[in-house]
Amino acid sequence: MRFPKPRRVTLYILLVFFAFLFLLPLWTCITTSFKPVHDVIYTTPVELPLSPTAEPLITALNIMQRPLLNSFTFTISAMILSCLLGSINGYILTKIRFRGSDTVFLFFSIGIFIPYQAVLVPLVLTMSKLGLFNHIEGLILTHTAYGIPITTLLFRNFYGVIPNSLIMAAKTDGAGTWTIYRRIVLPLSLLPFVVAAVFQFTSIWNDFLFGVALARGSEAQPASVALANLRGTTEFQWNVQMAGTLWYALPVLVIFFVLGKYLMRGYMAGAVKG
Amino acid sequence: MVSVAIINLTKTYGTTAAIKDLNLEIKDGEFFIFLGPSGCGKTTTLLCIAGLLKPDKGEVWLGNELVTSSERDVYVTPQKREVAMMFQDYAIYPHMTVFNNIAFPLEVRGEDKSEIVKRVTATANLLGLSQLLDRKPRQLSGGQRQRVALGRAIVRKPKVFLLDEPLANLDAKLRVKTRTDLKKLQRELGVTTVYVTHDQVEAMTMADRIMVQRDGVTEQIGTPEELYNHPANLFVAGFIGSPEMNFTDCTLIKEGARLWLDAREFKTPVPTQVAPKLESYVGEDLIMGIRPEDLYERKSVKGSTQKNALRMTVDIIEPVGPYLLLHLRKGRCSLVARVKHTTARVGQEVDIEMDPSKMHIFDKKTAKAII
Numbered sequence: 001m002r003f004p005k006p007r008r009v010t011l012y013i014l015l016v017f018f019a020f021l022f023l024l025p026l027w028t029c030i031t032t033s034f035k036p037v038h039d040v041i042y043t044t045p046v047e048l049p050l051s052p053t054a055e056p057l058i059t060a061l062n063i064m065q066r067p068l069l070n071s072f073t074f075t076i077s078a079m080i081l082s083c084l085l086g087s088i089n090g091y092i093l094t095k096i097r098f099r100g101s102d103t104v105f106l107f108f109s110i111g112i113f114i115p116y117q118a119v120l121v122p123l124v125l126t127m128s129k130l131g132l133f134n135h136i137e138g139l140i141l142t143h144t145a146y147g148i149p150i151t152t153l154l155f156r157n158f159y160g161v162i163p164n165s166l167i168m169a170a171k172t173d174g175a176g177t178w179t180i181y182r183r184i185v186l187p188l189s190l191l192p193f194v195v196a197a198v199f200q201f202t203s204i205w206n207d208f209l210f211g212v213a214l215a216r217g218s219e220a221q222p223a224s225v226a227l228a229n230l231r232g233t234t235e236f237q238w239n240v241q242m243a244g245t246l247w248y249a250l251p252v253l254v255i256f257f258v259l260g261k262y263l264m265r266g267y268m269a270g271a272v273k274g
Numbered sequence: 001m002v003s004v005a006i007i008n009l010t011k012t013y014g015t016t017a018a019i020k021d022l023n024l025e026i027k028d029g030e031f032f033i034f035l036g037p038s039g040c041g042k043t044t045t046l047l048c049i050a051g052l053l054k055p056d057k058g059e060v061w062l063g064n065e066l067v068t069s070s071e072r073d074v075y076v077t078p079q080k081r082e083v084a085m086m087f088q089d090y091a092i093y094p095h096m097t098v099f100n101n102i103a104f105p106l107e108v109r110g111e112d113k114s115e116i117v118k119r120v121t122a123t124a125n126l127l128g129l130s131q132l133l134d135r136k137p138r139q140l141s142g143g144q145r146q147r148v149a150l151g152r153a154i155v156r157k158p159k160v161f162l163l164d165e166p167l168a169n170l171d172a173k174l175r176v177k178t179r180t181d182l183k184k185l186q187r188e189l190g191v192t193t194v195y196v197t198h199d200q201v202e203a204m205t206m207a208d209r210i211m212v213q214r215d216g217v218t219e220q221i222g223t224p225e226e227l228y229n230h231p232a233n234l235f236v237a238g239f240i241g242s243p244e245m246n247f248t249d250c251t252l253i254k255e256g257a258r259l260w261l262d263a264r265e266f267k268t269p270v271p272t273q274v275a276p277k278l279e280s281y282v283g284e285d286l287i288m289g290i291r292p293e294d295l296y297e298r299k300s301v302k303g304s305t306q307k308n309a310l311r312m313t314v315d316i317i318e319p320v321g322p323y324l325l326l327h328l329r330k331g332r333c334s335l336v337a338r339v340k341h342t343t344a345r346v347g348q349e350v351d352i353e354m355d356p357s358k359m360h361i362f363d364k365k366t367a368k369a370i371i
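Respectively, the protein sequence lines represent chains A and B. Last residue of the first sequence: number 274 in the numbering used here, and the count goes up by one each step with no gaps. Last residue of the second sequence: number 371 in the numbering used here, and the count goes up by one each step with no gaps.
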């Protein structure tokens with residue numbers, strides 16, 4: 001039997017150590033979620049609960065139910081809309097092209113770099129003028145608009161790899177711009193759609209700032225804001241807070257487990273072919 | 001089936017002109033080939049006919065229909081032109097089966113289901129694709145993909161076929177077979193075909209007529225025989241024929257009543273029937289061209305060098321099966337001769353003779369053929 005080289009062994013030890021380090025917060029989050037208040041006080045966060053209970057999870061879910069539903073609604077809507085629009089933009093910018101299309105793309109790119117904080121005041125004013133303040137629709141519109149630049153960039157890079165001859169062939173075959181998109185480009189876009197969807201889902205789901213600015217305390221309040229409110233004002237209910245965090249983190253975790261391999265491939269595809 | 005006419009077509013990319021004032025008439029049902037080195041504007045011309053590219057200037061006519069004219073602001077989209085195009089990389093849709101690929105042009109035109117099935121089946125039979133209809137492109141070989149692309153082009157019975165280097169990605173053996181198949185198919189369908197290639201053998205074997213292009217400029221248009229036997233200039237003479245035509249710098253001199261081509265190493269009389277055309281060039285620098293098959297090895301007769309024969313040293317002998325290529329040298333002059341057999345060995349001297357009626361003479365300044 002051959003033993004692995006010492007350098008390999010060192011590498012693995014380091015990797016395991018860092019993996020452990022990164023998983024520690026999640027671990028404490030899980031353990032604390034199953035602890036009654038007594039255990040929270042008398043055990044360290046890393047330790048297992050003395051008398052495990054699901055009560056914090058149920059309490060947290062009761063409070064978080066509506067905000068979680070809100071978050072699902074606007075996250076999925078805005079994700080679908082921004083991916084579709086990004087895909088259409090990417091198609092037009094790479095395969096149709098028009099006078100000034102590079103300039104248009106430049107503006108899209110600038111959109112990626114506008115910090116959330118910079119638009120907060122005009123955003124809130126606009127939304128209240130539109131009557132969308134404290135409404136789910138307002139959050140959908142905002143997140144869609146903010147997602148378009150990055151999805152456009154992503155799809156544009158991907159569509160750059162689709163050979164132009166394919167589009168030209170479809171044109172001579174008699175297909176119009178929209179038919180080419182629907183019949184040729186869209187069916188070839190599974191990979192960028194997965195990548196863009198995961199990216200959009202995570203960033204919209206995790207957003208706090210727009211949520212707190214546009215829908216705090218209202219019926220439309222997102223889960224991220226509700227989670228912050230779990231902290232309470234007089235006492236710290238660590239176990240309920242951790243349970244709420246667990247509920248809040250669950251969808252993102254599931255998505256990464258299910259679609260992780262597509263995501264890696266998508267990133268690679270972008271990396272190899274600039 | 002229609003004719004194709006191109007008038008004063010010009011297309012510029014940045015500052016370089018891909019096509020300059022191209023004028024061309026392709027006859028109804030003709031197999032017409034654009035031949036030239038890469039980057040000479042062949043594909044650009046093809047894209048302008050298809051409507052996939054708008055020219056800066058000029059007109060394109062398909063039969064009696066004006067489809068492109070920048071002056072009169074006419075532009076018929078590629079979707080509305082009755083032309084089918086086949087691309088060098090085949091451009092078959094990777095997510096569709098062979099059946100769906102061939103059916104695509106019919107589907108987008110809104111043909112009904114039963115008609116689509118009928119025509120796709122017929123096309124697949126014609127091209128030997130019947131067994132592969134359910135396959136996806138990635139499960140096909142290069143030759144099969146090429147036929148799928150061809151099927152997609154012919155299924156809708158277009159008026160004009162545009163083929164952009166359709167054989168370039170096939171291996172040598174398959175290319176020769178497909179060449180014949182393609183020519184046969186074109187005869188059967190009788191569709192006006194415009195074909196782009198950089199391979200002169202392909203062009204010579206398939207075309208009714210060939211246009212030789214270089215740097216966006218037409219060098220010559222003619223039948224394969226015309227291009228081979230009467231090249232209009234040095235470029236065409238050198239581009240067509242393999243091995244290449246031999247070229248030698250020479251000066252035209254007059255001795256008594258006869259005209260001679262003096263190439264320093266040898267001197268050869270100008271045949272009397274072409275002499276009048278050359279009268280005005282006496283004293284000027286010319287280039288003489290002779291094809292390797294028009295050079296003969298004279299069986300050595302006792303005595304000194306024969307008249308009109310050139311004694312040269314054999315550098316290399318290349319056997320090419322049915323014939324041999326002799327690479328010959330004398331001073332700065334080197335020639336390739338194509339002979340049936342030879343007794344000469346490398347390093348030996350042989351007497352070479354040429355058929356003066358097969359001689360080509362070019363003006364060195366203009367590169368144009370004089371005879």
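Bear in mind the hints are in silico, worked out from the structure with no lab data behind them. All values derive from a computational prediction rather than experimental measurement. No residue lacks a Cβ here, since even glycine has one placed at the ideal position from N, Cα and C. Mixed in with the good hints, there may be bad ones.
What the hints assert, rightly or not - Footprint (simulated), chain B over chain A, 3 or more residues, beta carbon under 8 Å:
| id | region |
| --- | --- |
| 1 | 179–187 |
| 2 | 253–263 |
Unchecked claim - Partial selection, computed: residues in chain B whose CB lies under 10 Å from chain A:
| id | residue |
| --- | --- |
| 3 | Pro-37 |
| 4 | Gly-39 |
| 5 | Lys-54 |
| 6 | Gly-58 |
| 7 | Gly-63 |
| 8 | Met-85 |
| 9 | Phe-87 |
| 10 | Phe-104 |
| 11 | Arg-152 |
| 12 | Leu-162 |
| 13 | Leu-185 |
| 14 | Gly-321 |
| 15 | Leu-325 |
Task: Hints violated by the structure (numbers, ascending) - done: Hints 2, 3, 4, 5, 6, 7, 13, 14, 15 are the ones this structure does not satisfy, whereas the remaining hints hold.
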